[in-house]
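Line by line, the protein sequences are chains Z and F.
Heads up: the first sequence begins at 518 in our numbering, then just goes up one per residue.
Heads up: the second sequence begins at 127 in our numbering, then just goes up one per residue.
Mixed in with the good hints there might be a few duds.
[What the hints assert, rightly or not] Below, simulated SDA-like cross-link-like pairs (lysine to any residue); rule was C-alpha separation at most 25 Å, straight line:
1. LYS723/Z <-> VAL146/F
2. LYS723/Z <-> HIS313/F
3. LYS737/Z <-> VAL176/F
4. LYS581/Z <-> VAL954/Z
5. LYS174/F <-> PHE719/Z
6. LYS939/Z <-> VAL1057/Z
7. LYS723/Z <-> ALA175/F
8. LYS946/Z <-> PRO1052/Z
9. LYS538/Z <-> ALA1060/Z
10. LYS232/F <-> THR731/Z
11. LYS538/Z <-> VAL527/Z
12. LYS222/F <-> PRO837/Z
13. LYS723/Z <-> THR153/F
14. LYS946/Z <-> LEU1021/Z
15. LYS840/Z <-> PRO241/F
16. LYS840/Z <-> LEU231/F
[Claimed, not checked] According to the in silico footprint, chain F covers these stretches of chain Z (three or more CB under 8 Å from chain F):
17. 588 to 597
18. 882 to 888
19. 1080 to 1089
Quick caveat, the hints were computed from the structure, so don't treat them as lab data.
Backbone N, C-alpha and C define an ideal beta-carbon position, used for all residues, glycine too.
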Amino acid sequence: MTVNGFIQVVVYLGLLLALVKPLGAYMARVYEGKPVLLEGVLGPVERFIYRLCGIRPTDEMNWKGYAFAVLLFNLLGLLALYGVQRLQGMLPLNPQHLPAVAPDLSFNTAVSFATNTNWQSYSGENTLSYMTQMLGLTVQNFVSAATGMAVLIALIRGLIGRSASTIGNFWVDLVRGTLYILLPLSLVLAVLLVSQGVVQTFSAYKTVPLMQPTMDTSGKAVNEQVLPLGPVASQVAIKQLGTNGGGFYGVNSAHPFENPTPLSNLLEMLAILLIPAALCYTFGRMVGDTRQGWAVLAAMLIILVPLMIGAVWAEQAGNPALKSLGIDQTAGNMEGKETRFGVVNSAIWATATTAASNGSVNSMHDSYTPLGGLIPMWLMQLGEVVFGGVGSGLYGMLIFAIIAVFVAGLMVGRTPEYLGKKIEAFEMKMAALVILVTPAIVKIGTAIAVSMPSGAAATSNPGPHAFSQILYWASSTGNNNGSAFAGLGTNNLLYNITGGLLMLFSRYWLIVPVLAIAGSLARKKRVPPSSGTMPTHTPVFVALLVGTVILVGALAFMPALALGPIVEHLMLR
Amino acid sequence: MHLIRPAVVSLVLLTLITGVAYPLVVTALAQVVYDGQANGSLLIANGKAVGSELIGQPFTDPRYFRSRPSATSPFAYNSEASSGSNLAPTNPALTKAVQERIDALKTADPTNTQPIPIDLMTASGSGLDPHISPAAAEYQVARVARARKLDESMVRRLVAQYADGRDWGLLGEPRVNVLKLNFALDHPEWSKGQRLPPSTRFLRQRAFMPER
Chain Z
518 MTVNGFIQVV VYLGLLLALV KPLGAYMARV YEGKPVLLEG VLGPVERFIY
568 RLCGIRPTDE MNWKGYAFAV LLFNLLGLLA LYGVQRLQGM LPLNPQHLPA
618 VAPDLSFNTA VSFATNTNWQ SYSGENTLSY MTQMLGLTVQ NFVSAATGMA
668 VLIALIRGLI GRSASTIGNF WVDLVRGTLY ILLPLSLVLA VLLVSQGVVQ
718 TFSAYKTVPL MQPTMDTSGK AVNEQVLPLG PVASQVAIKQ LGTNGGGFYG
768 VNSAHPFENP TPLSNLLEML AILLIPAALC YTFGRMVGDT RQGWAVLAAM
818 LIILVPLMIG AVWAEQAGNP ALKSLGIDQT AGNMEGKETR FGVVNSAIWA
868 TATTAASNGS VNSMHDSYTP LGGLIPMWLM QLGEVVFGGV GSGLYGMLIF
918 AIIAVFVAGL MVGRTPEYLG KKIEAFEMKM AALVILVTPA IVKIGTAIAV
968 SMPSGAAATS NPGPHAFSQI LYWASSTGNN NGSAFAGLGT NNLLYNITGG
1018 LLMLFSRYWL IVPVLAIAGS LARKKRVPPS SGTMPTHTPV FVALLVGTVI
1068 LVGALAFMPA LALGPIVEHL MLR
Chain F
127 MHLIRPAVVS LVLLTLITGV AYPLVVTALA QVVYDGQANG SLLIANGKAV
177 GSELIGQPFT DPRYFRSRPS ATSPFAYNSE ASSGSNLAPT NPALTKAVQE
227 RIDALKTADP TNTQPIPIDL MTASGSGLDP HISPAAAEYQ VARVARARKL
277 DESMVRRLVA QYADGRDWGL LGEPRVNVLK LNFALDHPEW SKGQRLPPST
327 RFLRQRAFMP ER
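Same shape as in the complex, but just chain Z:
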């Protein structure tokens, strides 16, 4: 790894950490219902929404009501997005006259954006109209992120509640999260991105001449280039901030109109981890002990940083298969990477986007070296708890914290407790459900795809890498990430339907047990810490938490990884 590469990693993480406290404290105020400056502008909008919805913001819900509201709202969003795609051909703002999207692809895409996964079996520039991108996708980018954050806040309320039967009001959390957190951050980021050259217009695509005319594969002369435009910056901002990751264009943030400069790249990378990292501080602030939040953030960083450096190192090493050709590989493995980003910014992005359940890419992961590709895949398989999705990552990590105190409690023979709440049989059953569901569905999904002829036929690379492509697909959809080994041809019935189901299970099968834990914890009394209580802000606990996450992730996936990237790595030696 070069000195500059190291410095770029340090600059990135340094800027990120500097933003954690201010944003985290602000988000705590938003969710605690305290006044924030923006209410001066958006307060009337907020109150208008409540009035039209017919809700009183002070009315709280029990966990079942909260869960039902989440599911109902998400179901409606999913149906609306499906409808917009199917009717695209008849709707306005379609300057390229793109036809309706096929039913299976519409289903996959609707699920994908509603579940905050943003898996894309299509290329935006030749499939979706401006109307679909805005009214359909941009909206779900916002509300799926706000949903994840709301569920996290409900879990935190469960941890701080004392003999309470309620865990907050979903509509209030949804609206405040959208209006006061996601909207202002997106607006600022979008304008900064436009300054760098990310396009933002409603004009039709622009045709320009080629300086040197060329020929297509059928021998026909090509004299011009069609530049795909659109309202890109506004969507890119929220896709990065809300850990969505669904690109406006097919190649996502590798596209020069979506990510034109190293500075736009830095801003977009910061946006990937910004809210997930800051929510750790929000959590600490809300439970009344910021050390608790820093401890969780430390555990995430301890897992992320070595993997990030490992990925940069693996890509910097270049492709051994090309060594004998006598070319200059000092720039590293550049297949599928952009010149302006190089291997360093590509590998930093690849680890950040898979640590968080963002899934946007600025390089093609399929062309990574075997070890460089193993790292993003494993980060997803850890269950998207190392930063993870906005809200969903931290609620996943808090479930792991509950598992960790349980393991520690077993070792010393005491009833485990977390933040003064006793962890008992019900919580453990729900927590086990949460950590077992995603490894199970990822492997079931992989098994289905590899055993179907059309599943195996969709792979585009030979040997163990073909298996890696399928395993990556299942890990991505089964953990709501959305990035891909994109050579896999997934726009067909098998992958669209199976992938859609994986995304649905991994999102909602987790949300319901998490809310059940929140409801159960809220009802409990808070017990004062005693000499036998395990403190959960110490390095010992951080190590225990890291160990739990890694052990579960490694045990679940080592055999599968051995069949894919590890064999491929050994083949290249």
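Could you slot chain F onto chain Z? The hints should help.
Just chain F now, kept in the frame of chain Z:
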């Protein structure tokens, strides 16, 4: 069923706010403050758009600097269908493609014995990469100078003019914009065109207009 009304109403209102108002506000701001960037960073000559400084074009003529290989179909640098090759490092098709690119470059420039920089041999992620590395430009200087009967040092000066270092000396990688460089080669009288360093991109920029 007291939940249906808030679910429907909040979805409709949040759609209007995030799906209509938000993109409209961003578009209005973008078109007023950064009209050049928001509309595709076009290169304008004689009042006509001749390309975008952010979207690469294919070049094979020895008189031009070549761009990186592109995996878009059905022709290289098809900006309507951005795509990487997605070839795995173990895929024999990748090794074969690289060998063919080596052969093509060597045929165009048989006397060049420098090792070829990897970015000239590999397809970019987007298939639209507007840049090559400074090393890839240097590799081609002699060939372009010969084909144009120019002095190598003159071509090298032009390359330096269209090369960007890391942003603020720190971010990203050094790079050369191929389209702008080739445009300047064809129009030496315009080579003193508007040239702003990347750190000034926060400023309002009109379309890139080379001046006579």
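Hint-by-hint comparison with the structure:
no., hint, result
1, LYS723/Z <-> VAL146/F, "holds, 23 Å"
2, LYS723/Z <-> HIS313/F, "holds, 24 Å"
3, LYS737/Z <-> VAL176/F, "holds, 21 Å"
4, LYS581/Z <-> VAL954/Z, "holds, 20 Å"
5, LYS174/F <-> PHE719/Z, "holds, 20 Å"
6, LYS939/Z <-> VAL1057/Z, "holds, 20 Å"
7, LYS723/Z <-> ALA175/F, "holds, 9 Å"
8, LYS946/Z <-> PRO1052/Z, "holds, 23 Å"
9, LYS538/Z <-> ALA1060/Z, "holds, 23 Å"
10, LYS232/F <-> THR731/Z, "holds, 21 Å"
11, LYS538/Z <-> VAL527/Z, "holds, 18 Å"
12, LYS222/F <-> PRO837/Z, "holds, 14 Å"
13, LYS723/Z <-> THR153/F, "holds, 17 Å"
14, LYS946/Z <-> LEU1021/Z, "holds, 21 Å"
15, LYS840/Z <-> PRO241/F, "holds, 12 Å"
16, LYS840/Z <-> LEU231/F, "holds, 18 Å"
17, 588 to 597, "holds (count 5)"
18, 882 to 888, "holds (count 5)"
19, 1080 to 1089, "holds (count 3)"
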